[in-house]
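Engineer: Spelled out, the chains give:
Protein chains: 2
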Amino acid sequence: MQEKLSPSMFIGIQGDDYISFGSGQPDLPPPERVFKILPDYRQFKYGLIQGQENLRNALSKQNQFKGSDKDSFVITNGASEALDLTFRAICKPGDKILFHKPYYYSYIPMAKLSSFEPVFTETIKGKIDFDDFDKKVRDCKCVLINSPSNPTGRVQDVNTLKKIEKLCADLDITIISDEVYKDLIYIRENYMLSGPHVVTINSFSKTFAMCGLRVGYLYSNDKKIIHDVIELKTHTSMNTSILSQEMAYEATKVPREYIKDQVKIWEKRRDFIYEGLQKLGLDLWKPEGAFYVLPKIDNPKDAVWNLFKKHKVITYLGEWFGAPDRIRLSYALDVEKIEEGLKRLEKYLKETS
Amino acid sequence: MQEKLSPSMFIGIQGDDYISFGSGQPDLPPPERVFKILPDYRQFKYGLIQGQENLRNALSKQNQFKGSDKDSFVITNGASEALDLTFRAICKPGDKILFHKPYYYSYIPMAKLSSFEPVFTETIKGKIDFDDFDKKVRDCKCVLINSPSNPTGRVQDVNTLKKIEKLCADLDITIISDEVYKDLIYIRENYMLSGPHVVTINSFSKTFAMCGLRVGYLYSNDKKIIHDVIELKTHTSMNTSILSQEMAYEATKVPREYIKDQVKIWEKRRDFIYEGLQKLGLDLWKPEGAFYVLPKIDNPKDAVWNLFKKHKVITYLGEWFGAPDRIRLSYALDVEKIEEGLKRLEKYLKETS
Chain L
1 MQEKLSPSMF
11 IGIQGDDYIS
21 FGSGQPDLPP
31 PERVFKILPD
41 YRQFKYGLIQ
51 GQENLRNALS
61 KQNQFKGSDK
71 DSFVITNGAS
81 EALDLTFRAI
91 CKPGDKILFH
101 KPYYYSYIPM
111 AKLSSFEPVF
121 TETIKGKIDF
131 DDFDKKVRDC
141 KCVLINSPSN
151 PTGRVQDVNT
161 LKKIEKLCAD
171 LDITIISDEV
181 YKDLIYIREN
191 YMLSGPHVVT
201 INSFSKTFAM
211 CGLRVGYLYS
221 NDKKIIHDVI
231 ELKTHTSMNT
241 SILSQEMAYE
251 ATKVPREYIK
261 DQVKIWEKRR
271 DFIYEGLQKL
281 GLDLWKPEGA
291 FYVLPKIDNP
301 KDAVWNLFKK
311 HKVITYLGEW
321 FGAPDRIRLS
331 YALDVEKIEE
341 GLKRLEKYLK
351 ETS
Chain X
1 MQEKLSPSMF
11 IGIQGDDYIS
21 FGSGQPDLPP
31 PERVFKILPD
41 YRQFKYGLIQ
51 GQENLRNALS
61 KQNQFKGSDK
71 DSFVITNGAS
81 EALDLTFRAI
91 CKPGDKILFH
101 KPYYYSYIPM
111 AKLSSFEPVF
121 TETIKGKIDF
131 DDFDKKVRDC
141 KCVLINSPSN
151 PTGRVQDVNT
161 LKKIEKLCAD
171 LDITIISDEV
181 YKDLIYIREN
191 YMLSGPHVVT
201 INSFSKTFAM
211 CGLRVGYLYS
221 NDKKIIHDVI
231 ELKTHTSMNT
241 SILSQEMAYE
251 ATKVPREYIK
261 DQVKIWEKRR
271 DFIYEGLQKL
281 GLDLWKPEGA
291 FYVLPKIDNP
301 KDAVWNLFKK
311 HKVITYLGEW
321 FGAPDRIRLS
331 YALDVEKIEE
341 GLKRLEKYLK
351 ETS
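As they're listed, the protein sequences go chains L and X. Each residue of the first sequence is one higher than the last, beginning at 1 in our numbering. Each residue of the second sequence is one higher than the last, beginning at 1 in our numbering.
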């Protein structure tokens with residue numbers, strides 16, 4: 001049965017008896033104001049394929065997109081669709097895409113699905129090894145950077161990111177920068193990769209806990225990429241839900257303090273699970289952002305399967321992320337539940353030791 | 001400038017001075033009950049990739065899906081995503097897909113985008129020529145049937161549909177049946193293609209005027225296709241907006257009379273525009289379903305461009321639909337506006353005659 005393990009079997013499973021370290025979904029609700037617009041909402045017609053103007057305007061006025069305008073954004077069904085469309089807009093079948101390991105599990109099937117060839121650069125404790133990166137990137141069409149990273153929780157050094165920016169600009173290689181965890185970062189402010197060669201992927205799912213409503217976006221100064229993504233989206237899904245977009249627009253008005261307060265909660269949980277797993281004797285890297293840990297474990301397939309079936313604890317297999325000797329735990333749940341989950345994990349570890 | 005004409009330049013354009021025969025979007029609002037659930041809505045977590053259970057259960061209990069269960073459905077970001085995922089689940093690069101001409105404009109770029117090869121069967125006044133179909137289908141991986149048709153408004157004969165069902169079953173070729181206009185049909189009840197080889201595509205956009213909210217679905221008895229589509233969707237967009245799905249679920253409770261009353265309105269408009277265009281001397285087929293007409297016109301590119309720029313009338317170029325000597329008009333607007341649009345069209349025709 002373990003052979004059949006896949007992320008889709010866990011997504012959406014809810015129930016009080018389960019402790020889910022699985023899907024990366026905040027448990028705290030979105031800011032209340034995103035729901036406040038609902039009672040009077042009566043729109044129903046197709047929206048612009050590129051996304052609603054109010055939302056794109058609001059994004060263009062945010063600090064990190066200084067100097068941009070609404071035409072540099074496309075609103076999508078979550079960051080997932082933004083990524084799928086960006087890959088399909090940039091690459092032709094056979095083109096190579098560079099990923100750093102461990103990687104978010106959807107990247108590879110997404111690339112293969114469109115007959116693009118994934119190429120990998122190894123990391124050292126989750127940090128990009130620039131020399132290896134330099135070697136591997138040269139015959140790639142584009143490169144995917146994900147910092148803070150799902151599944152490692154690691155944040156790439158600013159120095160490395162700047163070297164990557166320069167190298168890719170020199171080589172005319174597009175950087176697709178998945179920064180969906182840009183606001184959930186514990187060690188410094190996010191460094192946003194930028195320049196004419198960069199496509200930034202982002203989302204309202206993590207910062208504002210709006211996963212199920214599916215609003216993501218891409219940002220680029222490359223007019224051709226924006227045009228081509230819109231052309232694709234016209235055929236493959238049309239506009240993103242206009243109501244979800246209106247809720248996302250409300251989220252753009254939420255004061256920065258909201259995010260700061262959220263980060264404090266995440267950091268406490270991070271400390272709790274990091275120390276807890278260390279106490280259980282597991283080998284892991286300290287997360288610097290996002291809400292995942294990726295400890296080593298013996299027989300990971302048995303672990304994920306038995307934790308699920310016997311102990312009602314959902315974890316994800318490291319293999320899906322290119323880390324076959326590890327499992328991923330999301331700590332997007334309250335400390336009491338993390339504690340209960342760690343107890344069950346301890347029980348499992350004792351049984352199998 | 002006419003060279004740059006594309007559907008995406010018109011979608012979402014709204015304004016009182018324009019008469020839009022462009023996008024296929026009902027002007028009448030959705031049933032009020034779909035909005036009634038909004039004030040108390042507070043969900044925000046990821047939903048099941050396959051779609052919410054209440055919605056899939058409700059669909060499985062509808063007459064046309066008799067004997068089905070919730071596992072035979074996947075809820076998608078409109079019919080567009082259902083189509084894109086179904087093609088990608090069934091075909092490999094190089095596989096041939098058969099389309100009948102004229103076709104909905106997204107089919108072809110959607111197929112080419114994934115390196116599938118579109119193959120065409122001609123129609124006679126919009127009706128499938130079974131002999132030609134039989135010849136062309138034999139080396140195809142799957143075939144797309146769209147009845148009632150966008151852009152022709154034509155409905156395929158039941159006899160032809162039954163022959164297609166049998167032939168494709170014998171040849172082990174999948175039929176993808178795009179029936180998004182199944183409820184907007186003037187000449188008889190819809191005949192739903194069925195059998196283990198059929199994937200039915202449908203949507204809440206047309207029947208319930210919910211275009212902008214993006215809820216479509218696919219239905220199939222082929223467990224492998226359902227599984228593969230879910231696997232793809234896990235990576236390319238995850239769940240469809242849970243709030244849009246909840247609104248669609250409300251729509252499933254709307255009594256059948258609502259649809260019957262809608263059809264009466266559409267039929268009046270159909271008669272009005274069909275007679276109006278005939279009076280202007282245009283050559284066209286009588287629509288039997290959906291809400292489009294596809295008249296012949298001289299210099300279609302000039303017509304679409306000048307109608308838009310000079311007369312503020314949006315029409316679509318027949319070329320996008322594989323009908324280069326025609327233009328498409330959607331009559332999803334009230335009779336007064338259709339009348340005004342026809343006046344402007346008359347003016348244009350006089351200017352150019």
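Derived from the structure by calculation, the hints contain no laboratory data. Careful: at least some of the hints might be erroneous.
Unchecked claim - So the derived label-pair ranges between C-beta atoms look like this:
1) L/L28 - X/K347: 42 to 48 Å
2) L/G94 - X/E275: 51 to 57 Å
3) X/K347 - L/L171: 54 to 60 Å
4) X/I265 - L/G94: 48 to 54 Å
5) L/L28 - X/K296: 55 to 61 Å
Stated by the list, open to error - A short list of chain X residues far from chain L (calculated; beta carbon distances all over 12 Å):
6) D40
7) G67
8) E81
9) I187
10) S205
11) R214
12) G281
Glycine is no exception: its CB is placed at the ideal position from the N, C-alpha and C atoms.
Engineer: A separate judgement is required for each hint: does it hold in the structure or not?
Structural biologist: Results for each hint:
no. : hint                        : result
1   : L/L28 - X/K347: 42 to 48 Å  : 59 Å, violated
2   : L/G94 - X/E275: 51 to 57 Å  : 54 Å, holds
3   : X/K347 - L/L171: 54 to 60 Å : 56 Å, holds
4   : X/I265 - L/G94: 48 to 54 Å  : 51 Å, holds
5   : L/L28 - X/K296: 55 to 61 Å  : 60 Å, holds
6   : D40                         : 9 Å, violated
7   : G67                         : 26 Å, holds
8   : E81                         : 4 Å, violated
9   : I187                        : 27 Å, holds
10  : S205                        : 8 Å, violated
11  : R214                        : 5 Å, violated
12  : G281                        : 32 Å, holds
In summary, the numbered hints that this structure violates are 1, 6, 8, 10, 11.
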